[in-house]
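*Asks:* Listed below, chain by chain, are the residues.
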Amino acid sequence: MVPGDRIVEGNFRPLFNVIRAGNSIVATRIGIAEAGREGVKVIPLSGIYIPRVNDIVIGKILDHSSLSWGVDINSCFSAHLPAQDVFGRDFSPARDDMGRELAIGDLITARIIAFDRTRDPMITIQDKDLGKIPRGEFIKISATRVPRLIGKRGSMIQTIEYATHTRVLIGQNGIIVVTGRDLEGIKLAVRAIRMVEEEAHTANLTQRVKTLLGVSDASPSDNTHGTQPQNEAVGEELNEVEKGEKI
Amino acid sequence: MTQTRSLIDENGKRTDGRTKDQLRDVKITAGVIKNADGSAFIEFGMNKIVVAVYGPREVHPKHMALADRCVLRCRYHMSPFSTDTRKNPAPSRREVEISKVMREALEPTLMLEDYPRAAIDVYVEVLQADGGSRCAGITAASVALADAGINMRDLVSACAAGKVDDRIVLDINDTEDKEGDADMPVAYMPHLEQVTLLQLDGILNEDQFNQCLDEAVNGCKMVYEFQRKALMQKYFGNETELKEEQ
Chain A
1 MVPGDRIVEG NFRPLFNVIR AGNSIVATRI GIAEAGREGV KVIPLSGIYI
51 PRVNDIVIGK ILDHSSLSWG VDINSCFSAH LPAQDVFGRD FSPARDDMGR
101 ELAIGDLITA RIIAFDRTRD PMITIQDKDL GKIPRGEFIK ISATRVPRLI
151 GKRGSMIQTI EYATHTRVLI GQNGIIVVTG RDLEGIKLAV RAIRMVEEEA
201 HTANLTQRVK TLLGVSDASP SDNTHGTQPQ NEAVGEELNE VEKGEKI
Chain B
248 MTQTRSLIDE NGKRTDGRTK DQLRDVKITA GVIKNADGSA FIEFGMNKIV
298 VAVYGPREVH PKHMALADRC VLRCRYHMSP FSTDTRKNPA PSRREVEISK
348 VMREALEPTL MLEDYPRAAI DVYVEVLQAD GGSRCAGITA ASVALADAGI
398 NMRDLVSACA AGKVDDRIVL DINDTEDKEG DADMPVAYMP HLEQVTLLQL
448 DGILNEDQFN QCLDEAVNGC KMVYEFQRKA LMQKYFGNET ELKEEQ
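Going down the list, the sequences are from chains A and B.
With the numbering used here, letter number 12 in the first sequence gets 12, and the count goes up by one each step, no holes.
With the numbering used here, letter number 81 in the second sequence gets 328, and the count goes up by one each step, no holes.
For reference, chain B alone in the conformation it holds in the complex (with noise of 0.2 Å):
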């Protein structure tokens, strides 16, 4: 967290040539993975992931099924080739720690109650990373769970906001994340109006923690209407209709 250099030029423009209220490019594609029920790929800035669904199906091992309600498992990993050195394919502390965040920020939206015994399980493959992959992650695969039918409350948006050279900046990349002053991750029900993750890595006086809170739920407003059109192009292409019987 300490700063080496100016992150914000004279002319209000990031690293990348953002302004500070700017989302990186984002694409997201439903359904890119044949084999899995639901699946997507999401283009973040230059973060690349690729989520995963199946499920609900039955639990193995038997003993973790649960009989109320479905089991939600979640694997957050990076490929050996996301980053610039090679990064050791074991599950790291990290990984462990955002495989369960994503879980706890995706089980809200989900109507688990209504597949009592089963399993569903979300695999979040990082292919490229650039910082806040655990948004796109979430993102993703809400998109993912969505495309695979399953029953739920809303879609959950994800977007990081920060504190760069004392300004409020929306989605932050990684330079900003290694050299800026605060990071704060947050996932949203935009419909629900709901938050369903938020942490902070760094130090924000309450004014700041606000505004940085209010930015990214802007930001994941935006990030909404990518996963819906996402999921509108997948499903209804360009003619959103169905003319014909069911």
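Here chain A stands alone, though its shape is the one from the complex (with noise of 0.2 Å):
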């Protein structure tokens, strides 16, 4: 579909990326049409990041004033993180050193509480799994391709992990954070994720991914996603990283 495509035609309910026209559904995206009973909608190929409620971003610290972070989460709105969510209510400006909870250039594993048309997004990193991510390689994709990168019940990102041993740390806006002891698995999981990137929208990506890490196409189909990668020194030193990771 490109925009202004005619999906369907008839009473239905228009969901993401299509609006009404007459008795017409219109794309208003290029992408892949979906018509379901709960209504039509286009999965997107191609776009930014729009924050909505709940999602779960990696964001990078951009500046701070003194009640709040600056956040930079991939998206034309940059979020806002309230000091109070890190210090707890008592904070105080005059007392509270927020360079020295979160510096700027820090990485954090967010979920956003409040987005609307009249403001910009606000994160917290106080639930489970949330926080600082102390170290990783940083790469980025179009949050288009983030379905993709997963994969049905998280199977690609399972595929990739395995393979590599390595921690796959992926946020909704397209920011993801490779971990893990060994520099060549790392490297091969970057390649891999950069593949998914560019081959999104083309048929068999899982075997072309299989084929470039060297696994066969039975090994990782059973390893769930919670399994401990082979290379056990991975684990320890990931713990808190891998808490955020299904995402």
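There's no promise every hint is true.
Straight-line distance between alpha carbons at most 25 Å, and here's what the computed DSS-like set of lysine-lysine pairs gives [to be verified]:
#, chain 1, residue 1, chain 2, residue 2
1, B, LYS281, A, LYS187
2, B, LYS274, B, LYS260
3, B, LYS281, A, LYS60
4, B, LYS295, B, LYS425
5, A, LYS187, A, LYS132
6, B, LYS468, B, LYS267
7, A, LYS60, B, LYS309
8, A, LYS140, B, LYS281
In case anyone wonders, no lab produced these hints; they're calculated from the structure.
Just so it is clear, the structure is predicted and the values come from calculations on it, not from any experiment.
Mind assembling these two chains? They're in different frames, but the hints should get you there.
*Replies:* Spelled out as structure tokens, the structure:
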């Protein structure tokens, strides 16, 4: 579908990336149309990340005022992380040093708690599995490729993690952090992620990724997402990171 | 607008060998600039134009931001080497005007209210000019905007028609633009059947005007097929399906 294409005629409910024009549902983005019982939507193949409440994102601290941090979440809106979220209700700008908790350039995993058209998104790092990311290889991909990178029930990302002995932390905003002890493994994981990004809309991608990673068809399929990689050294150090990975 | 020679021969062929309702060769490629969010390259006859779209992104300076919708900024620019004699790279009066009309031609199709407090920047760089560069620019900009994944009600296709030797012809080239009687660039949303730009340089009577407009709209519909093909080629290649999971 390209913008303006009529997807279906009749009394269907418009969901995402579609509008109603007369009796038709029309696409507003380039993508794959899906018409189901719940309505009609277009899964976009390009575009920036638009925040939605409860999305888990990876952000970079840009700066801070006396009351909040500004966080780049790879969108046209920069997010706010209130200082009270980190220091608690008794936060005092005079007493507490915000720069010591989160410095400019730090990466965090956060959840969007509020966003609407009238103000910039507000995020929190206080839930389970959220917080500062201590280390890892930083990659940015298009947010529209994230579902493809995760795959059906996490199949694609499991394949990559299993084959490269790495942990891949994915934010719904298209920011990814890859961690692992083995530099070659990280490099291979990054190559695989780039391949998924570039060829996301093509058929038989899973097979090609497996070929790149040098894994046979059967090996990773039964491996659940929570299973530790074979390289035990990765385990402990990454515990903090891997908590937040099932995004 | 003074006619100095015959622009249509006895066989009805124009200076470049086309018939009166024939477009020049059109070729559009989407996604040519990696650093941009969306881009397109168009060859429309001898015109060669590259368009890059950035955004939606934060507005700088911030006071330009609108609380309820996105700001669309267009820059039409002709490279110094795009014409026979060197063109001064500073923005001319004509370029400022074309930037404005391009913005107004693209705005109706964009769902700017989806991106409040943000900005979309459209850069149109003419590498080689051959008459009708504003239409080619709008056409390519529309493809680049779709490539950037910005919500749009429809694509915008643009094509000019005009009067040459007292005959209405489609898609006038540089010679016909300079030596012909009238030039009418039109931008059109093919699905919504709405005109977003209509300019006229020259004099037409009412019949000629209607005929010229119909001709231009037909041209836009032809151009739309090239736009659609370019986008489909980039995103779906030859196999237009996504078999695997999302």
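*Asks:* Evaluate each hint against the coordinates.
*Replies:* Do the hints match the structure? See the list:
Pair hint B/LYS281 plus A/LYS187 holds up; C-alpha atoms about 22 Å apart against a cutoff of 25 Å. Proximity of B/LYS274 to B/LYS260 is assessed by CA-CA distance (about 22 Å); at most 25 Å being required, the pair is judged to hold. Restraint check: the Cα-Cα separation between B/LYS281 and A/LYS60 comes to about 23 Å, which is no more than 25 Å; the hinted pair holds. Between the alpha carbons of B/LYS295 and B/LYS425 the distance comes to roughly 19 Å, so the proposed pair stays at or under 25 Å and holds.
At most 25 Å may separate the alpha-carbon atoms for a hinted pair to count; A/LYS187 and A/LYS132 meet this at roughly 23 Å. Our distance criterion of 25 Å between C-alpha atoms is met by B/LYS468 and B/LYS267, whose separation comes to about 16 Å. With a C-alpha separation of about 21 Å, the suggested pair A/LYS60 and B/LYS309 falls inside the 25 Å cut-off, and the hint holds. Between A/LYS140 and B/LYS281 the alpha-carbon distance is near 14 Å, which keeps this suggested pair within the 25 Å criterion.
Of the hints listed earlier, there is not a single one the structure fails to meet.
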